[in-house]
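Once you've looked at the hints, dock chain B against the given chain A.
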Amino acid sequence: MWKSIIYKEWLKIRWFAIIYAALGILVVGNIFLKVQHDFEFSQEAYYWYSILFNQYRFYEYSLFKFVPLIGALAIALAQYFPETVNKRIKLTFHLPINENKALMVMMLFGAFCLFAIAAVQLLLFTGLSLVYFPAEIVQSALISIAPWFLCGFVVYFLTALIVLEPVWKYRFLYLLVTATFVPLYLQTAAARAYSPALPLLSVFTVLLSVALWFSGYRFRKGEM
Amino acid sequence: MNAIECKNLTHYYGKKLVFENLSFNVKEGSILGLLGKNGTGKTTTINILNGFLQPQSGECLIYGENSQNLSPQNKARIGFLIEGHIQYTFMNIHQIEKFYSKFYPKWDNEPYWHLMSKLQVSPKQKISNMSCGQRSQVALGLILAQDPDLLILDDFSMGLDPGYRRLFIDYLREYAKEKKKTIFTTSHIIQDMERLIDDLLIMDFNRVLAQRSVKSFMQEFKQFHLELENPDIDISNEEFVVNSEKVNNKLELYTYESEEKVLNFLKNNGVVHKNFRQVEMGLEDAFIGLTGKY
Numbered sequence: 001m002w003k004s005i006i007y008k009e010w011l012k013i014r015w016f017a018i019i020y021a022a023l024g025i026l027v028v029g030n031i032f033l034k035v036q037h038d039f040e041f042s043q044e045a046y047y048w049y050s051i052l053f054n055q056y057r058f059y060e061y062s063l064f065k066f067v068p069l070i071g072a073l074a075i076a077l078a079q080y081f082p083e084t085v086n087k088r089i090k091l092t093f094h095l096p097i098n099e100n101k102a103l104m105v106m107m108l109f110g111a112f113c114l115f116a117i118a119a120v121q122l123l124l125f126t127g128l129s130l131v132y133f134p135a136e137i138v139q140s141a142l143i144s145i146a147p148w149f150l151c152g153f154v155v156y157f158l159t160a161l162i163v164l165e166p167v168w169k170y171r172f173l174y175l176l177v178t179a180t181f182v183p184l185y186l187q188t189a190a191a192r193a194y195s196p197a198l199p200l201l202s203v204f205t206v207l208l209s210v211a212l213w214f215s216g217y218r219f220r221k222g223e224m
Numbered sequence: 001m002n003a004i005e006c007k008n009l010t011h012y013y014g015k016k017l018v019f020e021n022l023s024f025n026v027k028e029g030s031i032l033g034l035l036g037k038n039g040t041g042k043t044t045t046i047n048i049l050n051g052f053l054q055p056q057s058g059e060c061l062i063y064g065e066n067s068q069n070l071s072p073q074n075k076a077r078i079g080f081l082i083e084g085h086i087q088y089t090f091m092n093i094h095q096i097e098k099f100y101s102k103f104y105p106k107w108d109n110e111p112y113w114h115l116m117s118k119l120q121v122s123p124k125q126k127i128s129n130m131s132c133g134q135r136s137q138v139a140l141g142l143i144l145a146q147d148p149d150l151l152i153l154d155d156f157s158m159g160l161d162p163g164y165r166r167l168f169i170d171y172l173r174e175y176a177k178e179k180k181k182t183i184f185t186t187s188h189i190i191q192d193m194e195r196l197i198d199d200l201l202i203m204d205f206n207r208v209l210a211q212r213s214v215k216s217f218m219q220e221f222k223q224f225h226l227e228l229e230n231p232d233i234d235i236s237n238e239e240f241v242v243n244s245e246k247v248n249n250k251l252e253l254y255t256y257e258s259e260e261k262v263l264n265f266l267k268n269n270g271v272v273h274k275n276f277r278q279v280e281m282g283l284e285d286a287f288i289g290l291t292g293k294y
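If you're matching them up, the sequences are chains A and B in order. No gaps in the numbering here: position 82 of the first sequence is 82 in full-length UniProt numbering, and each next residue is one more. No gaps in the numbering here: position 290 of the second sequence is 290 in full-length UniProt numbering, and each next residue is one more.
Isolated chain A (complex conformation) (with noise of 0.2 angstroms):
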């Protein structure tokens, strides 16, 4: 039964899904284009540069930060709109399952596919990186990117709450509140500027992961 929720979900997130890896890819590679260019033409000295200089921002990993959030956004849109149009959650909720542990699933399911094109874009992003870098400098970027891949996940969860809210008043307060909060995730690109902050960001993130019960349960007591 949970396979052919995943089926579903999959059925509706995979082009975008997809569409989002390879543009994460694409974005990968336009880093290290850069990066080839810089040390064919400006030598170690534009490094230096950078780290005295440039905020300590080693090489131009900023490009990720808006890719996660884009992601997030089409794949959330993507899978939680159909169910909207028409109520057509109803069909989810009359399922012989629990409501509840259905909405989990559908979540579940498309924060993994996030998680695992993230972990494709940042394994191919530390590779390409340690042939160019040493451990110290490809650590710091891990850690400066860290943060706008939260904020993808917070985007998601967030996106869910809003679209699956049944009335359209709770809907504005909800985007005020990501508003309010996805900004907090892409503050600056300077190297290990989150490094503080990374752990109760991380816990946030967390903790919004099930956000979407609440809007699940408004629409089940009828709420419009």
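Among the hints, a few may not be true.
What the hints assert, rightly or not - Computed footprint of chain B on chain A; a stretch qualifies when at least three of its residues, placed anywhere within it, have a C-beta under 8 angstroms from a C-beta of chain B:
#: 1; segment: 4-14
#: 2; segment: 87-98
#: 3; segment: 208-222
FYI, nobody ran anything at the bench for these hints, they're computed from the structure. In this text, a Cβ means the ideal position worked out from N, Cα and C, and glycines have one as well.
Just chain B, lined up with the frame of chain A:
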């Protein structure tokens, strides 16, 4: 044994009362039609039955379980058709059959594919590209394949042309009677109901107007036509008059009383009239007679 028992349902939307202390039962193996004008609470009742709306007070039991907290085992016994034959339109007819088949232990795809074979569509055709009539057959086929004990159908006529409506009703009635299924249904096309249902529940704003078998309702509810000599006479408030429509001196009178009693009343009260006759009615005529044209 009742498949559905609703007790003292009361519901408001804001301050607007939809119904108060509505109670009804649906016997196992029967087909009950919920009839009413727009806005009288048909879809509200269906939503309460399916657990998508919590009534202000009262409860509905389906096979003994509160409809707000149905167990997965009980949900597997209920086939649900959403108004407009809503389904997952991003799937094709193969994918949707594959999807649902894993949820229901009694799944039998034969009736589904039998209906699909009549549609002249390719197996890869997406449901979003089908006509409303074709989608209705997909929705019906899925419910039949589920082999539920209880079917809850919300306005199954919506968007269907006469051919598909007839196909839907004939297929459904034969299936229900052969397999002793229970059906609770609404439709805004009363003629469709006449071919399908055994019992009816007619709702008006805030109240139930009739709750009985179609057969007894059609036998007992009558329409009389007469022409009054004095068109100013008004008998619409008499106790035996359920409803009346008057155009000039022509009066349509709806009542559960016999012709003899109506004639006696007219005679005893000096209501001079001519051309008195009983008018044969179909279910739609009776429905309009009971609920009024407005």
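Now the hints, each set against the structure:
1. 4-14: With 5 residues in contact (Cβ-Cβ under 8 angstroms with chain B), the coverage given for the segment 4-14 of chain A holds.
2. 87-98: Since three or more residues must qualify, the claim that chain B covers the segment 87-98 of chain A holds, with 10 doing so at under 8 angstroms.
3. 208-222: Three-residue rule met by the segment 208-222 of chain A, so holds; n is 4.
Of the numbered hints stated above, none is contradicted by the structure.
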